[in-house]
Amino acid sequence: MLTNRSKVVSKKEMSLSERLYLPAIASGLSITFKHIFKKVPTIRYPEQKREIASVYRGQHVLKRDENGAERCTACGLCAVACPAEAITMDAAERKKGEEGLYREEKYASVYEINMLRCIFCGLCEEACPKEAIFLTNRIVDTEYGRNSFIYGKDKLVEKIDARIDVSERQTEKTIEFKKISLAIIICLLLKLRI
Amino acid sequence: MITQYLFYFLSFVAIFSALLVVFSKNPVHSVLYLIITFFSIAGHYFLLNAQFLAAVHIIVYAGAIMVLFLYVIMMLNLNKETEPHKSTMSKFAAIIAGGLMMLSLVAVLRGAEVNQMKASVNNNIGLTQNLGKVLFNEYILPFEVSAILFLAAMVGAVYLGKKQLD
Amino acid sequence: MTGYIIYQIILVVAIFTVSLVVALYATYGERKIAAILQDRVGPNRAGPFGILQPFADGIKMFTKEEIIPETANGWLFIIGPCIAMLTACMTGVIIPWGGTFELGGTVYSLQVTDINIGILYLFAVVSFGVYGIMIGGWASNNKFSLLGALRASSQMISYEIAMGMSIIALVMMTGTLSLGEIVKQQDDGYCNFVYQPLGFLIFLICAFAETNRAPFDMAECETELVGGYHTEYSSMKLGFYLFAEYINMFISSAVIVSFYFGGYNFPFQHELGLSGNLLTVIQTIVFFGKIFFFIFFFMWIRWTIPRFRYDQLMKLGWKVLLPLSMANIVITGLVMWLTGKIN
Chain A
1 MLTNRSKVVS KKEMSLSERL YLPAIASGLS ITFKHIFKKV PTIRYPEQKR EIASVYRGQH
61 VLKRDENGAE RCTACGLCAV ACPAEAITMD AAERKKGEEG LYREEKYASV YEINMLRCIF
121 CGLCEEACPK EAIFLTNRIV DTEYGRNSFI YGKDKLVEKI DARIDVSERQ TEKTIEFKKI
181 SLAIIICLLL KLRI
Chain B
1 MITQYLFYFL SFVAIFSALL VVFSKNPVHS VLYLIITFFS IAGHYFLLNA QFLAAVHIIV
61 YAGAIMVLFL YVIMMLNLNK ETEPHKSTMS KFAAIIAGGL MMLSLVAVLR GAEVNQMKAS
121 VNNNIGLTQN LGKVLFNEYI LPFEVSAILF LAAMVGAVYL GKKQLD
Chain C
1 MTGYIIYQII LVVAIFTVSL VVALYATYGE RKIAAILQDR VGPNRAGPFG ILQPFADGIK
61 MFTKEEIIPE TANGWLFIIG PCIAMLTACM TGVIIPWGGT FELGGTVYSL QVTDINIGIL
121 YLFAVVSFGV YGIMIGGWAS NNKFSLLGAL RASSQMISYE IAMGMSIIAL VMMTGTLSLG
181 EIVKQQDDGY CNFVYQPLGF LIFLICAFAE TNRAPFDMAE CETELVGGYH TEYSSMKLGF
241 YLFAEYINMF ISSAVIVSFY FGGYNFPFQH ELGLSGNLLT VIQTIVFFGK IFFFIFFFMW
301 IRWTIPRFRY DQLMKLGWKV LLPLSMANIV ITGLVMWLTG KIN
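Residue numbers (the numbering used here), protein chains in the order written: chain A, 1 to 194; chain B, 1 to 166; chain C, 1 to 343.
If you're looking for bench data, these hints aren't it; they were derived computationally from the structure.
Given the structure is predicted, the values throughout are model-derived calculations rather than measurements.
Treat the hints loosely; a few may be bogus.
Quick list of in silico lysine-lysine cross-link-like pairs, DSS-like style, CA-CA up to 27 Å [claimed, not checked]:
(1) Lys11(A) <-> Lys315(C)
(2) Lys163(B) <-> Lys319(C)
(3) Lys315(C) <-> Lys162(B)
(4) Lys12(A) <-> Lys319(C)
(5) Lys162(B) <-> Lys341(C)
(6) Lys11(A) <-> Lys319(C)
(7) Lys341(C) <-> Lys12(A)
(8) Lys25(B) <-> Lys315(C)
(9) Lys133(B) <-> Lys143(C)
(10) Lys341(C) <-> Lys163(B)
(11) Lys130(A) <-> Lys63(A)
(12) Lys315(C) <-> Lys133(B)
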């Protein structure tokens with residue numbers, strides 16, 4: 001009744017034209033014939049791409065800072081925040097001479113995201129205090145095996161010579177919002193402690 | 001010349017596959033060999049310029065009756081295990097009957113004249129038009145009688161196939 | 001004489017090739033038409049507009065692993081698709097693909113052989129076609145295959161009767177069993193469809209049933225019988241079965257056109273004042289145009305009408321089409337008697 005299109009089933013005797021069955025076939029044929037002239041809604045994917053939002057949440061990227069050092073400090077907040085438990089990481093201490101590679105004294109020696117588990121919710125991005133992980137508008141490639149969907153640092157960390165622009169996602173507003181929320185959380189934690 | 005070779009070839013195929021019908025263990029194979037036999041017989045009809053008969057032979061025998069045979073055999077799934085056991089007595093009787101049949105055939109063939117019958121009939125009698133004219137003029141009565149026979153058979157089949165009332 | 005034989009061989013090879021190519025592209029056409037009727041794109045990757053798709057399919061079929069079930073009946077398992085393919089290709093020789101043409105003083109006909117039992121030959125081949133399905137279904141040693149084969153055979157036998165009956169009315173009218181003669185009689189522009197609309201309808205429906213096409217594709221209805229009679233088949237043997245269906249469709253379209261739609265004739269062909277050879281070329285093109293329309297019609301129906309239930313199928317065949325075709329014979333006879341064609 002919601003659509004007002006429901007029909008009451010009637011067990012009336014069929015009329016002659018209905019029993020002949022041919023008028024019904026003819027009307028069916030005309031319906032299918034009309035579809036020949038309908039516009040095809042298909043988007044031919046590799047050549048033609050569906051327009052996606054600039055803040056689309058697709059494949060992740062681990063950002064580097066202006067000097068090309070990895071921002072991630074392996075704090076594990078993203079893994080904690082992840083509702084799908086898709087993120088795992090191993091932390092390691094920065095050695096002497098590696099200052100150009102890693103920004104902080106601790107860094108992630110292993111950082112893996114299972115793209116089959118990931119639900120692309122973006123909570124990792126929100127949890128990150130170091131502005132290290134972002135979701136981008138790239139679409140995760142198809143693969144043949146399940147193992148190849150576990151993306152390691154080789155695929156996640158952005159290449160030095162091919163930096164990925166995330167300014168759309170990292171506007172002043174979002175940075176401000178993150179700072180405020182972090183402050184609120186710290187206040188709350190302190191309050192609870194006391 | 002070529003018709004003669006064809007005749008020998010078709011005869012060989014017909015007799016060979018007819019023997020295989022009898023000797024093959026699997027009933028489905030028997031039916032398939034029988035179909036080959038029918039085809040070679042249809043070939044004989046063609047050699048005799050009886051095209052109508054050849055085509056109808058294939059349509060009716062190979063195309064319809066043998067399909068039904070095959071249908072029934074496939075449905076019943078007959079094989080060696082389900083073959084009924086035959087007693088020694090019936091085997092003995094079958095041998096005697098077959099032997100007598102063979103004997104009488106040999107006797108008849110020995111007595112028959114070796115000279116072939118003169119082809120006194122019209123060579124084109126097997127063509128559809130001529131056959132139709134003959135059937136509906138000279139042989140109208142036997143034709144109609146056989147039609148009635150078929151009708152009776154059909155009525156009988158329908159009666160047997162009908163659900164019993166009680 | 002030798003020249004004649006060489007010409008005949010060339011013609012047979014040409015017809016064989018043409019029916020294979022048409023069937024090849026009918027598979028492409030089927031997928032494309034299905035897509036268009038359903039607002040999709042269809043195959044478009046192999047070559048421009050997917051035009052090389054049939055070849056890609058063929059290569060795939062040939063290179064697939066060939067599986068013969070252990071319990072299958074080896075020889076019959078192989079013979080099944082062979083018979084299906086053979087009977088599909090056999091009918092092409094009696095169809096008049098065009099008029100005659102003259103080359104170097106000799107007149108050649110585009111019909112391989114105009115045997116005077118053409119229609120009976122057609123029926124003999126059609127009735128033999130059921131063996132390909134039956135043998136394949138039985139030799140697979142699979143319940144679904146067997147059920148599919150039994151369905152196919154009973155369906156084809158049932159519809160053959162109505163088909164034959166509908167043709168008898170046509171034969172009464174034309175007075176000949178030769179296809180070449182039937183087509184020649186229609187060259188005045190009045191095709192047999194005008195005189196035999198009911199017969200045409202019955203023949204068309206039966207043609208759908210005989211080629212095992214939707215809505216009568218009971219033999220392979222995947223929702224009930226997995227794959228029907230070719231459940232156990234793989235590789236090119238499966239390809240042969242599927243391919244035979246398309247050749248059958250092509251040939252039966254040609255037969256329908258020859259019987260009821262004037263074959264290679266087209267209206268006002270004699271008023272154009274064309275020379276013999278040019279006229280023949282145009283006639284052949286027109287003939288193929290009509291055939292392609294009917295192939296399209298087969299596909300159009302397939303993507304419009306849902307499959308019949310088995311009891312509906314049998315009811316339609318025996319209780320509707322058979323009496324109708326008999327009535328058609330009686331009506332034809334009456335009309336011929338009233339108009340003084342027979343006395």
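Here is what the structure says about each hint:
no., hint, verdict
1, Lys11(A) <-> Lys315(C), "holds, 21 Å"
2, Lys163(B) <-> Lys319(C), "holds, 17 Å"
3, Lys315(C) <-> Lys162(B), "holds, 15 Å"
4, Lys12(A) <-> Lys319(C), "holds, 22 Å"
5, Lys162(B) <-> Lys341(C), "violated, 42 Å"
6, Lys11(A) <-> Lys319(C), "holds, 23 Å"
7, Lys341(C) <-> Lys12(A), "violated, 46 Å"
8, Lys25(B) <-> Lys315(C), "violated, 37 Å"
9, Lys133(B) <-> Lys143(C), "violated, 49 Å"
10, Lys341(C) <-> Lys163(B), "violated, 45 Å"
11, Lys130(A) <-> Lys63(A), "holds, 10 Å"
12, Lys315(C) <-> Lys133(B), "violated, 36 Å"
Of the numbered hints stated above, those contradicted by the structure are hints 5, 7, 8, 9, 10 and 12, listed in ascending order.
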